[in-house]
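For the sequence shown, the numbering used here begins at 6 and goes up steadily by one.
Worth flagging that the hints you see were computed from the coordinates, not collected in a lab. This one's a predicted model, so the numbers in the text were calculated from it and none came from an experiment. Just so you know, not all the hints are guaranteed correct.
[Said to hold, decoys possible] Subject to a maximum C-alpha distance of 27 Å in a straight line, what follows is the list of computed DSS-like cross-link-like pairs (lysine-lysine):
#	residue 1	residue 2
1	K18	K256
2	K30	K18
3	K30	K256
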Amino acid sequence: MGERRAMTPDEVKAIEGRRADIMAKDRAPTPTSLDANKLPCYAANLSQGGDNVDCGYNAFWTDHGDAVMRVNGEPRTSLITFPANGRMPPRLPRPANAGPAPVRGVYGRAGENPENQTLAERCITSFANHAGPVMLPSFYNSNYQIVQGRDAVAILVEMIHDVRIVRLNARHGPTRSWYGDSIGHYEGDTLVVETTNYNPNEALFGGSANMVVTERFTRVGPTRLRYEFKVEDPSVWASPWGGEYEFSPAKGPVYEYACHEGNYALPDILAGARAAEAEARKATAGAGGGTSQQ
Numbered sequence: 006m007g008e009r010r011a012m013t014p015d016e017v018k019a020i021e022g023r024r025a026d027i028m029a030k031d032r033a034p035t036p037t038s039l040d041a042n043k044l045p046c047y048a049a050n051l052s053q054g055g056d057n058v059d060c061g062y063n064a065f066w067t068d069h070g071d072a073v074m075r076v077n078g079e080p081r082t083s084l085i086t087f088p089a090n091g092r093m094p095p096r097l098p099r100p101a102n103a104g105p106a107p108v109r110g111v112y113g114r115a116g117e118n119p120e121n122q123t124l125a126e127r128c129i130t131s132f133a134n135h136a137g138p139v140m141l142p143s144f145y146n147s148n149y150q151i152v153q154g155r156d157a158v159a160i161l162v163e164m165i166h167d168v169r170i171v172r173l174n175a176r177h178g179p180t181r182s183w184y185g186d187s188i189g190h191y192e193g194d195t196l197v198v199e200t201t202n203y204n205p206n207e208a209l210f211g212g213s214a215n216m217v218v219t220e221r222f223t224r225v226g227p228t229r230l231r232y233e234f235k236v237e238d239p240s241v242w243a244s245p246w247g248g249e250y251e252f253s254p255a256k257g258p259v260y261e262y263a264c265h266e267g268n269y270a271l272p273d274i275l276a277g278a279r280a281a282e283a284e285a286r287k288a289t290a291g292a293g294g295g296t297s298q299q
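All chains should be modelled from the sequences, with the hints used to inform the complete structure.
Written out as structure tokens, the structure is:
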């Protein structure tokens, strides 16, 4: 949409109408007279609906959002407000002497060891940087609870049950940790938070461990909280970038996301890999290749 910041009423109507139609179809009773293999499935990874062979993880579990995001009532075309085109700025070439890029949760050799699986599969961080900074919504579990204290502000994130601690009126320490080191102070009614010292395997969108994110939290109405963010990493992006959106109240409490309690996939992946390795050693020994040592 170029540098246009707001959507037109017709664009909003089309998007929100399409989403309402998807939700209506998903809530409708499943026809029992049709072939189950031909029923449409509004799956978790489809924001606009469509056919899917596996309907076990359907739209019941997801929350893509039913309305266009608005700031001060204005329907926005992007969370990003600078650059004006609503996109992250160009990435700079990676220096030749920079060494290998951090894994950052991408898949390695399946089953080799736990560290080769994604951070989300290991229940360490969320699938889409929910905790931040920058705090970003995803297709489900995008709820937060903010608790203010005298010396700190705690931000409870529903996804992967993370709690980010913002220490108030303090100094950054030397430790690199998940979600970085967040230090906050108040400017009038606005909570300003600066985060540095990210874990090198977690930084946002491939940012380096030297990335700095500045956030601003401002209550702008009885039911609206404005969230502004600025990302600076001159070794990765050609210019700083950032944006804003608004939070609205949740309809109930934040429930526990008990990731590890249902995390059968990771031990099963590793156990399956060990079984495959044992079979390979057995086949090698049977073929006269000798025995392998562990």
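For each hint, the structure was consulted:
| no. | hint | in the structure |
| --- | --- | --- |
| 1 | K18 <-> K256 | holds (24 Å) |
| 2 | K30 <-> K18 | holds (18 Å) |
| 3 | K30 <-> K256 | holds (23 Å) |
In this structure, every one of the numbered hints holds.
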